[in-house]
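S.K.: Top line first, the protein sequences correspond to chains A and B. Under my numbering, the first residue of the first sequence carries the number 284, and numbering increases by one thereafter. Under my numbering, the first residue of the second sequence carries the number 95, and numbering increases by one thereafter.
Treat the hints as calculated values from the structure; they're not laboratory data.
Pairwise CB distance ranges (calculated):
1) A:Leu329 to B:Ile114: 22 to 30 Å
2) A:Pro297 to B:Glu112: 49 to 57 Å
3) B:Ser103 to A:Asp340: 24 to 32 Å
4) B:Glu112 to A:Leu357: 44 to 52 Å
5) A:Thr301 to B:Gln111: 45 to 53 Å
6) A:Ser309 to B:Glu112: 33 to 41 Å
7) B:Asn146 to A:Asn310: 25 to 33 Å
Every residue, glycine too, gets a C-beta built ideally from N, C-alpha and C.
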Amino acid sequence: RKEVEQDPGPFNVPEGATVAFNCTYSNSASQSFFWYRQDCRKEPKLLMSVYSSGNEDGRFTAQLNRASQYISLLIRDSKLSDSATYLCVVIAYGGSQGNLIFGKGTKLSVKP
Amino acid sequence: EPEVTQTPSHQVTQMGQEVILRCVPISNHLYFYWYRQILGQKVEFLVSFYNNEISEKSEIFDDQFSVERPDGSNFTLKIRSTKLEDSAMYFCASSEGTGLYTNQPQHFGDGTRLSIL
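Required output: the full structure, derived from the provided sequences and hints.
M.R.: What follows is the structure in structure tokens.
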């Protein structure tokens with residue numbers, strides 16, 4: 284079973300749309316969770332950390348459900364600049380140092 | 095904003111040759127990492143490093159790979175005898191904390207694209 288699984292995508296949405304990404308992780312001992320975005324042939328860039336109580340940063344809302352081992356990202360009022368691949372990332376307990384485990388990513392294309 | 099820098103941006107090497115990829119982590123960060131991403135695939139962990147020692151390594155990080163922090167600023171990844179399948183984007187990352195319980199994120203450099211011919 285893959286450690287971090289994401290919606291396959293791609294998601295093609297018009298500007299202004301609301302889009303949701305889902306992610307599940309297999310290691311129930313996972314401790315820390317993040318969403319990164321990656322533009323084509325660029326490095327992953329942190330979008331936001333995901334906290335147990337859920338958190339919001341402007342148009343972006345992240346939710347965590349530990350019981351279901353499920354993470355989500357909601358983007359409201361999509362902009363053209365939101366077009367990228369969104370990576371679900373976890374850190375699993377057991378490592379001495381928190382190496383990141385990446386999902387394969389979901390590609391988002393926002394069209395005018 | 096401080097950033098992780100990597101050199102070179104693109105490295106082309108003959109199969110069997112040694113290659114060294116260089117990284118300068120963010121100056122107050124203590125934890126360092128290398129990841130790779132084969133074209134079209136997910137980002138994969140290679141190795142983590144703290145206090146001049148390897149903390150953890152993946153099964154990808156075999157005897158052909160080594161890391162070093164030769165001075166106070168650089169963090170290098172060496173591949174001794176490159177193979178075709180080593181062709182990938184290699185990302186260096188650093189963090190202030192381990193991230194295990196603190197959600198402290200890792201910050202990535204913009205990568206070195208390694209092409210093995």
